[in-house]
Structures are given as structure tokens and as C-alpha cells.
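Chemist: Sequence:
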Amino acid sequence: MDECFFWSWRFFMSEIIKSDCYQVFFEGVDIGLCRSDISLLDSLEVKGLNIPSLCRKGQCGCCKIILLRGHVHQNNQTSLTDDEIKENVILACCSYPKSDAEFELY
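Under numbering that gives the first Met the number 0, the letters of the sequence shown match residues 0 to 105, in that order.
Hints in this document: simulated from the structure, not taken from any laboratory. Incorrect hints may appear among the rest.
[Claimed, not checked] Below, a list of computed lysine to aspartate or glutamate pairs in the EDC-like style, where the Cα atoms sit at most 20 Å apart: (1) Lys46 x Asp99; (2) Lys46 x Asp29; (3) Lys63 x Glu44; (4) Lys46 x Asp82; (5) Lys56 x Asp29; (6) Lys63 x Asp19; (7) Lys56 x Asp36; (8) Lys97 x Asp41; (9) Lys56 x Asp81; (10) Lys97 x Asp36; (11) Lys97 x Asp29; (12) Lys63 x Asp81; (13) Lys85 x Glu101; (14) Lys63 x Asp36.
[Unchecked claim] Ranges of calculated distance between the beta carbons of each label pair, as one might list FRET restraints: (15) Ser18 x Arg55: 29 to 39 Å; (16) Lys97 x Lys46: 16 to 26 Å; (17) Lys85 x Gly47: 15 to 25 Å; (18) Glu26 x Ser98: 28 to 38 Å; (19) Asp81 x Gly47: 27 to 37 Å.
Predicted model, so just to flag it, every value in this text is computed and none were measured. Beta carbons are placed, not taken as given, at the ideal position from N, Cα and C, and that holds for glycine.
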């Protein structure tokens, strides 16, 4: 086995192991475990659930979802109003699960 490949694979696997995984429900459906280092938008798409999205950077606001329970880390909230933030609206493209959580479309 090529030594460079071995070390690359070892690094890749160690990064996967470092990620926490959380149980996620969307629209009442258990979509399974989602990694904490992958956005909710990407996780939903991997699971075959496509929600409206455009920019994938938090600017357009197309991927708004409501956090019903649980915790997320959000990189960007610039396209959300103060009222939306109070209503637990988040951007799926910029949100990462930090606990088991449940969401629905906004």
C-alpha cells in the first residue's frame, strides 16, 4: 500500500471519528444520524430530502426551517429578521446539529 495513501486515509478516518452524530427528525420523519460538521442542508440532501435553497451561504434565506427542539450552531443569520430568530427560524445551509433535534419547513 502506498504510504501517502495510508496517511491520507488515516487522517480522513480520524476526522470522521472526531465528528459527533445526532439523531435528526424533519417534518416528523426520523432521517437518521447527522454529523455535527455537515450543514443541515447538506445532511437533508444526502438523505434524499430536498428543501428550497439557492446561495448555500446564508444570504438568500431560501432554506429557512424551524428548530422545534434541540440545539444547532449557526454560522450566519444575516437574512433572518429579529422576529424569525425569536421563532427559532434557522438557515439550514449555515446550521449544524449540536444535539438530537427536530425541524420543520418554515
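Chemist: Would you mind confirming whether the straight-line C-alpha gap from lysine 56 to aspartate 36 stays at or under 20 Å?
Modeler: Cα-Cα ~15 Å, so holds.
Chemist: Tell me if the straight-line CA distance from lysine 97 to aspartate 36 falls inside 20 Å.
Modeler: holds, 9 Å
Chemist: Given the proposed pairing of lysine 46 with aspartate 29, does the C-alpha separation stay at or below 20 Å?
Modeler: Since the Cα atoms of lysine 46 and aspartate 29 sit roughly 10 Å apart, the hinted pair holds (cutoff 20 Å).
Chemist: CB of lysine 97 to CB of lysine 46, is that within 16 to 26 Å?
Modeler: This hint holds: roughly 18 Å between Cβ atoms.
Chemist: Regarding lysine 85 and glycine 47, is the given constraint of 15 to 25 Å on their beta-carbon distance met?
Modeler: Check failed, 31 Å falls outside 15 to 25 Å.
Chemist: For the pair we were handed, lysine 56 and aspartate 29, check the Cα-Cα distance against 20 Å.
Modeler: violated, 26 Å
Chemist: Given the range 28 to 38 Å, decide if the beta-carbon distance of glutamate 26 to serine 98 lies inside it.
Modeler: At roughly 19 Å between Cβ atoms, serine 98 and glutamate 26 fall outside 28 to 38 Å, so the hint is violated.
Chemist: Take the C-alpha atoms of lysine 46 and aspartate 82, compute the straight-line distance between them, and say whether it is at most 20 Å.
Modeler: Not satisfied, since the Cα-Cα distance of roughly 30 Å exceeds 20 Å.
Chemist: For the pair supplied as a hint, lysine 46 and aspartate 99, confirm whether the alpha-carbon distance does not exceed 20 Å.
Modeler: The given pair, whose Cα atoms are some 16 Å apart, holds under the 20 Å limit.
Chemist: Is lysine 97 close enough to aspartate 29, meaning Cα to Cα at most 20 Å?
Modeler: Distance of about 17 Å is within 20 Å: holds.
Chemist: Note whether the CB distance of aspartate 81 and glycine 47 lies within 27 to 37 Å or breaks it.
Modeler: Between aspartate 81 and glycine 47, where Cβ atoms are some 34 Å apart, the hint holds.
Chemist: Quickly compare the C-alpha distance for lysine 63 and glutamate 44 to 20 Å and report which way the hint goes.
Modeler: holds, 15 Å
Comparing the model with each numbered hint stated earlier shows that hints 4, 5, 6, 15, 17, 18 do not hold.
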